[in-house]
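Asker: Protein sequences, first through last, are from chains A and B.
Every letter in the first sequence is one number past the one before it in this note's numbering, and letter 4, counting from 1, is 4.
Every letter in the second sequence is one number past the one before it in this note's numbering, and letter 338, counting from 1, is 338.
Any given hint might turn out to be false.
BS3-like, lysine-lysine: derived pairs with alpha carbons at most 27 Å apart [to be verified]: (1) B:70 to A:230; (2) B:2 to B:270; (3) A:139 to B:135.
Simulated from the structure, these hints should not be mistaken for lab results.
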Amino acid sequence: MQPRRVVITAAGAVSPLGLTSGQMWQALVEGRCGLGPIHSFDTAGFDCKIAGQVPDYNLRDYVPKSHRKATKLMSRDIELAVIASHEAIANSDFITKANEGKTPTLVPQRTAINFGAGLICCDLVEMAQSVCHCITDGKFDIHKWGNVGMQTLTPLWLLKFLPNMLPCHVAIIHDIQGPSNTITCGETASYLAVAEAVEMIQRGDVDTALAGGGDVKVNPIGIIRQSLMKRANCTSNDNPAAACRPFDLRAAGTIFSEAAGVLVLEEMQSAKHRGAKPIAEIVGSGSSHSLNTDYFHLEPDGKAVQFAIESALQQAGIGPEKLDLIIPCGSGIAADDRAEANGIQNALGKAVSDLPVWPIKSMLGHCGAAAGAMELIAATKAIESGTIGKAINFETPVDGCRLQIVRQSLQKKFRYVLCCGHSFGGQTAAILLKAIED
Amino acid sequence: MKHRVVITGMGIVCPLGHDVPTMWDGLMTGKSGTDYTTIFDASTFPTQFDAEVKNYDLSRFIKNVALHSKGNRGSQFVVGAAAQACRQASIEIETASPADGIDRRRMGIYLGAGEGAVNSDAFFSALVDGWQADKNNMDWSRWAKTASSKINAVQELEQEPNMPAAHIAVLTGARGVSRTCLTACAASTQAVGEAMMLVRHGKADVIIAGGAHSMIHPLGVTGFNRLTALSTRNDSPQTASRPFSASRDGFVLGEGGAAVILESLESAKKRGVKILAEVIGFGSSSDAFRVTDMHEDARGAIQALQSAIRDAGLTVNDIDYISTHGTSTSENDSIETKAIKTVFGSRAHQVPCSSPKSQFGHLIGATGCAELITCIMAILENTLPPTMNLNDPDPQLDLDYVPNKPRKAKVDTAINESFGFGGQNNVVIIRRFTK
Numbered sequence: 001m002q003p004r005r006v007v008i009t010a011a012g013a014v015s016p017l018g019l020t021s022g023q024m025w026q027a028l029v030e031g032r033c034g035l036g037p038i039h040s041f042d043t044a045g046f047d048c049k050i051a052g053q054v055p056d057y058n059l060r061d062y063v064p065k066s067h068r069k070a071t072k073l074m075s076r077d078i079e080l081a082v083i084a085s086h087e088a089i090a091n092s093d094f095i096t097k098a099n100e101g102k103t104p105t106l107v108p109q110r111t112a113i114n115f116g117a118g119l120i121c122c123d124l125v126e127m128a129q130s131v132c133h134c135i136t137d138g139k140f141d142i143h144k145w146g147n148v149g150m151q152t153l154t155p156l157w158l159l160k161f162l163p164n165m166l167p168c169h170v171a172i173i174h175d176i177q178g179p180s181n182t183i184t185c186g187e188t189a190s191y192l193a194v195a196e197a198v199e200m201i202q203r204g205d206v207d208t209a210l211a212g213g214g215d216v217k218v219n220p221i222g223i224i225r226q227s228l229m230k231r232a233n234c235t236s237n238d239n240p241a242a243a244c245r246p247f248d249l250r251a252a253g254t255i256f257s258e259a260a261g262v263l264v265l266e267e268m269q270s271a272k273h274r275g276a277k278p279i280a281e282i283v284g285s286g287s288s289h290s291l292n293t294d295y296f297h298l299e300p301d302g303k304a305v306q307f308a309i310e311s312a313l314q315q316a317g318i319g320p321e322k323l324d325l326i327i328p329c330g331s332g333i334a335a336d337d338r339a340e341a342n343g344i345q346n347a348l349g350k351a352v353s354d355l356p357v358w359p360i361k362s363m364l365g366h367c368g369a370a371a372g373a374m375e376l377i378a379a380t381k382a383i384e385s386g387t388i389g390k391a392i393n394f395e396t397p398v399d400g401c402r403l404q405i406v407r408q409s410l411q412k413k414f415r416y417v418l419c420c421g422h423s424f425g426g427q428t429a430a431i432l433l434k435a436i437e438d
Numbered sequence: 001m002k003h004r005v006v007i008t009g010m011g012i013v014c015p016l017g018h019d020v021p022t023m024w025d026g027l028m029t030g031k032s033g034t035d036y037t038t039i040f041d042a043s044t045f046p047t048q049f050d051a052e053v054k055n056y057d058l059s060r061f062i063k064n065v066a067l068h069s070k071g072n073r074g075s076q077f078v079v080g081a082a083a084q085a086c087r088q089a090s091i092e093i094e095t096a097s098p099a100d101g102i103d104r105r106r107m108g109i110y111l112g113a114g115e116g117a118v119n120s121d122a123f124f125s126a127l128v129d130g131w132q133a134d135k136n137n138m139d140w141s142r143w144a145k146t147a148s149s150k151i152n153a154v155q156e157l158e159q160e161p162n163m164p165a166a167h168i169a170v171l172t173g174a175r176g177v178s179r180t181c182l183t184a185c186a187a188s189t190q191a192v193g194e195a196m197m198l199v200r201h202g203k204a205d206v207i208i209a210g211g212a213h214s215m216i217h218p219l220g221v222t223g224f225n226r227l228t229a230l231s232t233r234n235d236s237p238q239t240a241s242r243p244f245s246a247s248r249d250g251f252v253l254g255e256g257g258a259a260v261i262l263e264s265l266e267s268a269k270k271r272g273v274k275i276l277a278e279v280i281g282f283g284s285s286s287d288a289f290r291v292t293d294m295h296e297d298a299r300g301a302i303q304a305l306q307s308a309i310r311d312a313g314l315t316v317n318d319i320d321y322i323s324t325h326g327t328s329t330s331e332n333d334s335i336e337t338k339a340i341k342t343v344f345g346s347r348a349h350q351v352p353c354s355s356p357k358s359q360f361g362h363l364i365g366a367t368g369c370a371e372l373i374t375c376i377m378a379i380l381e382n383t384l385p386p387t388m389n390l391n392d393p394d395p396q397l398d399l400d401y402v403p404n405k406p407r408k409a410k411v412d413t414a415i416n417e418s419f420g421f422g423g424q425n426n427v428v429i430i431r432r433f434t435k
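One chain only, chain A, in its complex shape (with noise of 0.2 Å):
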């Protein structure tokens, strides 16, 4: 029997560029920068005074009648995975039973969502308003707490922050019964759903998976977080755009952000059978894992990276000279950014020398959980397009870095593109796609 081969045929985003794939796709190919000052909470004894932001929305644009009552139970990462995968079923053509009123074409039993997630920040202005019944003598009271303070939160409360929440409320709009899927490993977290959803039709469990993940960095809680860890760039409030260098010798830290993406994965003879277009396969995925006991980085020679990108190649049976470009995690934390650098350099060799190298969180941000799969929209996006742009904030090259970052916009046919990214805590991923050729 053949083996069965996996083809996106879709995709949805929202990010700081915007509340579509679509406008996400146009202000990277520009080099615009979404990131600016943070305006969800007042940062004046914060550090870090910038991120990447979602444009205003309005859910109920998203959610149909039938769950609008359940909008109440989700926190904000729950919305972004709502609203990208709204988009990335309308852009698949499928009907769902979010069309009310019109017969599914999508078979929930053949179904499987897979979603990378991240923790989730629960609402620290609601819970205030609990705590405040609880002190005693300026302090917190636990035994308050207990008899009065939780009382008064909402029953269902807890549900709002658990991250099987993301895909749980998907599956519901959209009536997906295959496996549900949740995976929270870190910043590599929806590569490594996106490589599981493909497995899953692989081996023929599905034939239609929607995969990828959402996640929210910007809150009190996780920007103070990333700024005691020394992951955030606390030193260009003034200049957000200039913020996050991915391998610039001038790196300072990265810059947060929150968006969701979501892709349509479909075993490729039954997309073509429904007419579908598929627009790039995936023909590898690789996964390792630093073992520097420093948790917060890569191991200095980025050998899980190196491991990663190698299985991807072995996996799709090509050389690293196939490859047209690569999209990198370059998150603008200088250690790992050398790290990251390394191990590409070690698992490429020579082909590094003219391979263009597009690192994209300079403008979008460092979402976490969501990376991976704003990167390989990126790139399922160069490949449909043949076009990507330059990459802003680099100037001189990190120590060591030979990746031929992209100065100018190109345009060319892009067959082969590597995405990969690594999170803190070692564990590092990369998926291959392809274009298609009939």
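On the provided structure of chain A, position chain B as indicated by the hints.
Answerer: Leaving out everything else, chain B in the frame of chain A:
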């Protein structure tokens, strides 16, 4: 080419004990892991008891404790569990040059792991200091001042759900595929199931699979108390977890870590290690019904059960034992019973099904793998663990729940079921290994 997948090691740290023999002995002798909460002051909470891991000593299992001692409770538990599992499977740990015959690039990790405990002192203090009651809003500057003085970067990092896997990587040197999932109470069954698929399809030779979680902290208990998911039987903690009984009133929150070594049969044979059992089936589904409730006809649970049995190439006649999700909540136990009756039909009453949660509590993300280990033991010992505290059976629930006493029985094939809030249903099937 598909590979047969076998289990060559197992380890557990749970409220009934910090290794498999102690845990099993507890199950066989009717012990309860439940008592009044000591981890924080829960004396005014609706639920004042839980199932805690007590007197845990990581140095019993590993040499370099310092590399892992900053990990959250779940991380530390699963490091101990993985060390036990590796030892049983003759996998060398804490060495840069292992000579156990396993290529580290072909050795992966797949955990169902939860977040670590929030730093409660920082969390609540910052809210108290930042809140302006007169204006009904937050002074973020005051909030940030307290928060940044009280939170610690390492502790914040270690809260992340991918950190247990990071510790397992450093412990074992595993360099292959590494995934962590968090599908609520189904997480580590899903992790074991997906890990089995990775080995079956040649993506790895060995995977350390399992779970790690502790939600025993003020916010965790608050969340479950608000959902009215926890038992509030404060006058009798040891009998509070009573799955399938008429007087069940919620689950008992536990904590722990569990790990199994999944290995391709070729690799296990080549290394000459003892095989404990074979993993032969996995089924996974989504209810796609409601955020708050299971589907009333058990739609998702039925689909997961049926696809696992199909994946294993079996029929319901081949199943000797079901380790239920059996949480002791009103909804779960009745819908799970409905699922078993639908799938097993006339045979439903002949298949014993029990819930070890009646003794070690609900380990949330870690519970699936912990219960898988009880299935392995059931096969190895030909003994069924009981459902304790089942003195007043619910008349609607009439399956053979193995009430109150362990039972000798020939067990060759066992099913492990886990269902999570939000409708993830996962089922793994294991079998006695035969050539």
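Asker: Please flag the earlier hints that this structure goes against, numbers listed from lowest up.
Answerer: none
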